[in-house]
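Colleague: Here's the letter readout for the chains.
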Amino acid sequence: MDDTAIKIENLTFFYNSDEEGRAPEDVLSNVSLNIEKGSFIAVLGHNGSGKSTLARHLNALLLPKGGAVTVFGMDTKDEELTLEIRRRVGMVFQNPDNQIVSNVVEEDVAFAPENLGIPTPEIRARVDEALKTVGMYEFRTHAPHLLSGGQKQRIAIAGVLAMRPKCVVFDEPTAMLDPQGRRDVMEIIGRMKNEMGSTVILITHHMEEAAMADTVVVMSDGKIVMDGAPREVFTHVEELESLGLTVPGTVKLMWELRKNGVDVPLGALTVNECANALAAHFQSK
Amino acid sequence: MLKDVTLGQYFPGDTVIHRLDPRTKILMVIIYIAALFNAESWISYGVVLIFLAAAIAISEIRLTAMLKGLKPIVFIVVLTSLLNLFYASGDIIAQWWIFKITREGIKAAILMAARLIMLVMGTFMLTYTTSPIMLTYGLELLLNPLKKIKVPVHELAMMMSMALRLIPTLIEETDKIMSAQKARGAEFDTGNLIQKAKAMLPILVPLFLSSFRRADELATAMEARCYHGGENRTRLNVLKMTRRDMIALILGVLVLAGVIVLARFGL
Ligand SMILES: Nc1ncnc2c1ncn2[C@@H]1O[C@H](COP(=O)(O)OP(=O)(O)O)[C@@H](O)[C@H]1O
Ligand SMILES: [Mg+2]
Chain A
168 MDDTAIKIEN LTFFYNSDEE GRAPEDVLSN VSLNIEKGSF IAVLGHNGSG KSTLARHLNA
228 LLLPKGGAVT VFGMDTKDEE LTLEIRRRVG MVFQNPDNQI VSNVVEEDVA FAPENLGIPT
288 PEIRARVDEA LKTVGMYEFR THAPHLLSGG QKQRIAIAGV LAMRPKCVVF DEPTAMLDPQ
348 GRRDVMEIIG RMKNEMGSTV ILITHHMEEA AMADTVVVMS DGKIVMDGAP REVFTHVEEL
408 ESLGLTVPGT VKLMWELRKN GVDVPLGALT VNECANALAA HFQSK
Chain B
3 MLKDVTLGQY FPGDTVIHRL DPRTKILMVI IYIAALFNAE SWISYGVVLI FLAAAIAISE
63 IRLTAMLKGL KPIVFIVVLT SLLNLFYASG DIIAQWWIFK ITREGIKAAI LMAARLIMLV
123 MGTFMLTYTT SPIMLTYGLE LLLNPLKKIK VPVHELAMMM SMALRLIPTL IEETDKIMSA
183 QKARGAEFDT GNLIQKAKAM LPILVPLFLS SFRRADELAT AMEARCYHGG ENRTRLNVLK
243 MTRRDMIALI LGVLVLAGVI VLARFGL
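Order-wise, the sequence lines are chains A and B.
Taken in order, the first sequence gives residues 168 to 452; the numbers are from my numbering.
Taken in order, the second sequence gives residues 3 to 269; the numbers are from my numbering.
Don't take each hint at face value.
[As the list claims (entries may be wrong)] Taking CB as the label site, the calculated pair distances span:
{"hint": "1", "chain 1": "B", "residue 1": "F77", "chain 2": "A", "residue 2": "D388", "range": "48 to 58 Å"}
{"hint": "2", "chain 1": "B", "residue 1": "L172", "chain 2": "A", "residue 2": "E354", "range": "30 to 40 Å"}
{"hint": "3", "chain 1": "B", "residue 1": "E62", "chain 2": "A", "residue 2": "A342", "range": "33 to 43 Å"}
{"hint": "4", "chain 1": "A", "residue 1": "P346", "chain 2": "B", "residue 2": "F214", "range": "25 to 35 Å"}
Treat the hints as calculated values from the structure; they're not laboratory data.
Ideal Cβ positions, reconstructed from N, Cα and C, are used throughout, including at glycine.
The task is simple: from the sequences and hints, build the whole structure.
Modeller: What follows is the structure in structure tokens.
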């Protein structure tokens, strides 16, 4: 029990509809999920499947209409605990422009600790540390709107790290970035999990990014339809494709080969694994 | 073309002026405006101008940035100067139809233009050298006594800093939408006023809609970062008045006093 970071039990949610008389549709129905401390979970799903809605329940931005979400032992419905929950579960959003609050980098990173009433000298220490972690320390006095998308997103991450959260939820953080920005952000996420021991929840469209996770959760129409280790989930090629998701190229290659009678293992995720598996197969012949 | 809008822009730097307490700078601007409106003669305008020029020189703000900021007010400056030029009475120098140009009129026109330009430049000095967060922090502290009569000082300050934060983003976005519309054949620079206004509509509508989405997302992001109003908030940079601020304020008060004394002697 102590190992649980976030516990989602039978979560049901709908947005109140603007039109009167129309019954609102459930955006999340009966979602249950256990997220262990220090784990890395990727959430996949087509547009509108409820990923962002689920994410917003993890730091009490939205409250369950049915069921419960418990974060480090705290029920999100308890309003007294909202701040305690939010300081433990940081959130990075898709659009870097819409989450930066200041015209100066370091003042933006300081925003959360300031809200938490942290003493000034410690804010300075946290801001410097967070900016160094994301490699943006030299830019601390710059204006964020003059930086690249990837740099802005790194600042948004620093702004969350300055809270010293135990868990960070990333809601499609790379969707608006160029390949370089995407690599930088993924590298930071990897370090947060491996070196800092943070619990990471990554919502993404990119199978290659999801492949880095310990567990992949696939959502469709407000329900969890698959979950398991990436190499296990990705073997369900046809199911994933019917949900509007594309599997990594490597998995697809192995799958097509198998379909045509070549006996290779399905679980090869990286290009290296894929090449090794192919080499092993043809050498054994 | 929208890149010319410099309102709310901040040029980071490390000069004495940048390092002044924002409260000092806000008070200085008020003192400066008071001096400007008490100035009546060439001499007193000269005194205020020297004060402004010195501030610009010390702040290392490029003059081109200063001049760019004036663009939006060119029309108002010209209009008010013309009104002053024709509506003053005194020695007539030239006359044509109903228009009379007087010596006093010329002086009034030049001084009015100078007053407006210096007014704008002076206030730009404040926003150019003070980060928006510092500016609103200073304002919040200066207005703090009003909290006693239930004025939501923190909320007002936060609103202002968000507005300043969003201006560069909105300008960028407007530019993007305009390029997109231009690529589809829209023309913004031709036609009469009504045609121009009509051409602006396809820009304003998407801009308006996206502003709502932006505001909504920004509010969510602020909440996610534990924003809960001004209660128990601390600051990365704490404001402290130093000797430097005292010296600056005394200088400002001296300029104001000088101008008032000059006006007393009819100068
Ligand atoms: N603020 C909102 N008000 C009403 N409906 C919403 C709101 N946000 C999302 N929805 C609806 O909820 C569903 C799930 O959206 P979302 O959680 O954003 O999905 P995803 O992040 O997977 O794309 C969609 O059908 C969407 O239209
Ligand atoms: Mg989403």
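Colleague: Would you mind marking each hint as holding or not holding in the structure?
Modeller: Structure-based check of each hint:
Checking the proposed 48 to 58 Å range against B/F77 and A/D388 shows it holds: the Cβ atoms sit about 57 Å from each other. For B/L172 and A/E354, the hinted distance range of 30 to 40 Å is satisfied, since their beta carbons lie about 32 Å from each other. In this structure the hint that B/E62 and A/A342 lie 33 to 43 Å apart at CB holds, the actual value being about 40 Å. Taking 25 to 35 Å as the suggested C-beta distance range, the pair A/P346 and B/F214 conforms, at roughly 31 Å.
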